[in-house]
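There are 2 protein chains.
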Amino acid sequence: RVCWIKDIVVSVTRDNMEAMKGIIQKYQHKRISLVEAGVTRHRSIFNGLKALAEDQPDSKLSKPEVVIIHDAVRPFVEEDILLKVATAAKEHGAAGAIRPLVSTVISPSADGCLDHSLERARHRASEMPQAFLYDVIYAAYQQCSDYDLEFGTECLQLALKYCHVKAKLVEGSPDLWKVTYKRDLYAAESIIKERISQHICIVMDTKEDEEHVGHHLEEMLKNELNVSIQISTGRDLQQIILEQCYSFVCVNVMTSAFEETQKLLNMLKESHLSVLYPVVVISVHFLDYKSVHFDHKMENLMQIRELAKEVKESNVLLCGLLIYYPQDEQKLQDSLRQGATIIATLIKERNSAFIGQLLIA
Amino acid sequence: RVCWIKDIVVSVTRDNMEAMKGIIQKYQHKRISLVEAGVTRHRSIFNGLKALAEDQPDSKLSKPEVVIIHDAVRPFVEEDILLKVATAAKEHGAAGAIRPLVSTVISPSADGCLDHSLERARHRASEMPQAFLYDVIYAAYQQCSDYDLEFGTECLQLALKYCHVKAKLVEGSPDLWKVTYKRDLYAAESIIKERISQHICIVMDTKEDEEHVGHHLEEMLKNELNVSIQISTGRDLQQIILEQCYSFVCVNVMTSAFEETQKLLNMLKESHLSVLYPVVVISVHFLDYKSVHFDHKMENLMQIRELAKEVKESNVLLCGLLIYYPQDEQKLQDSLRQGATIIATLIKERNSAFIGQLLIA
Chain A
1 RVCWIKDIVV SVTRDNMEAM KGIIQKYQHK RISLVEAGVT RHRSIFNGLK ALAEDQPDSK
61 LSKPEVVIIH DAVRPFVEED ILLKVATAAK EHGAAGAIRP LVSTVISPSA DGCLDHSLER
121 ARHRASEMPQ AFLYDVIYAA YQQCSDYDLE FGTECLQLAL KYCHVKAKLV EGSPDLWKVT
181 YKRDLYAAES IIKERISQHI CIVMDTKEDE EHVGHHLEEM LKNELNVSIQ ISTGRDLQQI
241 ILEQCYSFVC VNVMTSAFEE TQKLLNMLKE SHLSVLYPVV VISVHFLDYK SVHFDHKMEN
301 LMQIRELAKE VKESNVLLCG LLIYYPQDEQ KLQDSLRQGA TIIATLIKER NSAFIGQLLI
361 A
Chain B
1 RVCWIKDIVV SVTRDNMEAM KGIIQKYQHK RISLVEAGVT RHRSIFNGLK ALAEDQPDSK
61 LSKPEVVIIH DAVRPFVEED ILLKVATAAK EHGAAGAIRP LVSTVISPSA DGCLDHSLER
121 ARHRASEMPQ AFLYDVIYAA YQQCSDYDLE FGTECLQLAL KYCHVKAKLV EGSPDLWKVT
181 YKRDLYAAES IIKERISQHI CIVMDTKEDE EHVGHHLEEM LKNELNVSIQ ISTGRDLQQI
241 ILEQCYSFVC VNVMTSAFEE TQKLLNMLKE SHLSVLYPVV VISVHFLDYK SVHFDHKMEN
301 LMQIRELAKE VKESNVLLCG LLIYYPQDEQ KLQDSLRQGA TIIATLIKER NSAFIGQLLI
361 A
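From first to last, the protein sequence lines are chains A and B. Counting along the first sequence from 1, when you hit position 111 you're at 111 in this note's numbering, and nothing is skipped either side. Counting along the second sequence from 1, when you hit position 4 you're at 4 in this note's numbering, and nothing is skipped either side.
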């Protein structure tokens, strides 16, 4: 994802080695080398650093000037903080991301009572990423004791202790927190869902006057979701998919079946966009089900179940939405509003249990 | 919620005072008194303590022996930790919940570089609740300086500094974390949803032999959801509602309309169970829609939209689920499995966008 990073060395426990190789192959990662993890944090990092040393036989890796150390439990690291710590490390020899403390830190006495509490404003939580001149951190690990390797938790401290390098501290974003407890997995899932729902593309099968129902629906979606919404008439779809839009609303005013939706699904399949995250597609149909022959139209639309099952294989979640389209203007507005709420929820939740359903607004 | 707590004093900013009064009235809280919050943490706590002092004119509150201090940003506090800190405070004069540190804590120098890092294993995060002999903490606040009141963050430290009381530290549960960032709100929402989905009641409209579809569905739900499932035949429903079950699956094998569901909805309405959290009710119907006259049955079932709109007022989320019931055993199993997935998702997500929908499995 970050083009100026040359090599990525990942420490993996022996038990997970095969699974990790599978992931690298599945997502076609090119820059990753694997080393076996140690039993402690510092031993794993040391193994990674050794792989980058000059004297490795048969290694395709070359010794870098600056090395960034990061951990997998902080998945939301942004390029700008990587750049900041790498730049600061080049200048100072070492650098690390910090965050304000959320709780006061205290020191217990041996009998489990309060010995003293630290002033919260004068301390920080040390987070990742951290960066170092390679020669500094490698030298520090070569000198450090078995006690350090067993019980140490802080690389910046090793650089200070063994190489007398004072790390530059860089303010990180709130998203650098450590995914530790079950609640953190809930939070991480919600953050990912929010990110991939930030941009919605509405595909219209018509370019009629601005007053038509598709545009009403667009307005209501804007009220419902605080995201960017783009209208497509089909020809620019390839570009929109390339820009990594993960949410599509296919508005079918003119057609009564799935021609437009089918076109979109084919393009999505070819693009491999959905390898990493599920793509949501909602096929919207307008119907005055009190006046037309309900049964026939429904049968037509029930094909969505088969269609949804088929595209599920490629991680595309397809749902149908039937919007009641009566003559009465007020009722139409109500229907559109409810439709917008359903669309917003399907996009935000990305829940595979509802694929193939025909929801009604 | 905790019967041995006599009075609860809440510090509220002037701007939120009216809203807070509204909440107290809505949920009929009996033991809560309100005081105006100060501009800092310690000033707010001091205001609360003053309200409990002996010399308050016109106060209905009396001075307690032990006072527990807690903050609203840790909503998942359990009775057992409250009891632990209160008991320890009675013995030691002060006590507080602690948690292991997730990140290493460091001390920056004035120029933004690392001065030193603390050994993570020797420090703890100080959380809430904390408890004190009332006389200890009130005396500490009366003596503490303006600097303490402005910049201090730790009540245990005040008891130590001014009353020489060494607080007993009590290990808290992971759920005592502080809801601070947006991701914490996501996590809190997921935790609440998980808690109120821990117990499901399946209401059967029949007591036929064990082989019938309702029991198959129950089996599949057990596979899908790791929660306790109780079967009700209707007569014990009152008791189940009293035990605060928030999730109901109404299985209609014998009836084709909503008689059983309607009975349940009436009982829920009378119980006021849904004041605090939404109750999910899923009305399940079996239908071989390839053989019976689809149109007529559907029209019957479409009444669910009106019914759902009506009970939405009382925070009850009603959805319908149509399970395809063919002669073919394999197909029936597939249908039941998909139905169980949909039910599990509706219960876990509790999303009001889907109320009144008739989902199809």
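Hint data in this document are derived by calculation from the structure and do not stem from the laboratory. Computed from a predicted model, the values in this text were never measured in an experiment. Treat each hint with caution, since some may be false.
Cut-off 30 Å, straight-line C-alpha distance, at most; resulting in silico cross-link-like pairs (DSBU-like, lysine-lysine) [what the hints assert, rightly or not]:
1) K6/A x K26/A
2) K63/A x K166/A
3) K166/B x K348/A
4) K269/B x K178/A
5) K26/B x K269/B
6) K21/A x K193/A
7) K182/A x K309/B
8) K348/B x K178/A
9) K84/A x K178/B
10) K178/A x K21/A
11) K166/B x K309/A
12) K26/B x K312/A
13) K84/A x K348/B
14) K84/B x K182/A
15) K178/A x K193/B
Mind checking the alpha carbons of K84/A and K178/B for me, to see if they're no more than 30 Å apart? Cα-Cα ~29 Å, so holds.
K63/A and K166/A: Cα distance at most 30 Å? Roughly 23 Å between the alpha carbons, so the hint for K63/A and K166/A holds.
Straight-line alpha-carbon gap K166/B to K348/A, limit 30 Å: Violated. K166/B to K348/A sits at ~49 Å, over the 30 Å cutoff.
Holds or violated: K348/B with K178/A, Cα cutoff 30 Å? At roughly 25 Å apart (the allowed maximum being 30 Å), K178/A and K348/B satisfy the hint.
Given the proposed pairing of K178/A with K21/A, does the C-alpha separation stay at or below 30 Å? Given that 30 Å is the threshold and the Cα spacing comes to 24 Å, the pair holds.
Does K309/A lie within 30 Å of K166/B when you go C-alpha to C-alpha? Given that 30 Å is the threshold and the Cα spacing comes to 64 Å, the pair is violated.
Take the C-alpha atoms of K26/B and K312/A, compute the straight-line distance between them, and say whether it is at most 30 Å. violated (45 Å)
Has the given pair, K269/B with K178/A, been kept, meaning a C-alpha gap of at most 30 Å? The hint is violated at about 43 Å.
So if I understand the rule, the pair passes when the alpha-carbon distance is 30 Å or less; does K26/B with K269/B pass? holds (16 Å)
30 Å Cα cutoff - pair K6/A, K26/A: Answer holds: K6/A to K26/A is near 20 Å, not above 30 Å.
What's the verdict on K21/A and K193/A, does the C-alpha distance respect the 30 Å limit or exceed it? holds (26 Å)
Would you check the hint for K84/B and K182/A, treating anything up to 30 Å between C-alpha atoms as holding? holds (24 Å)
Taken one by one, the earlier hints fail for this structure at numbers 3, 4, 7, 11, 12, 13, listed in ascending order.
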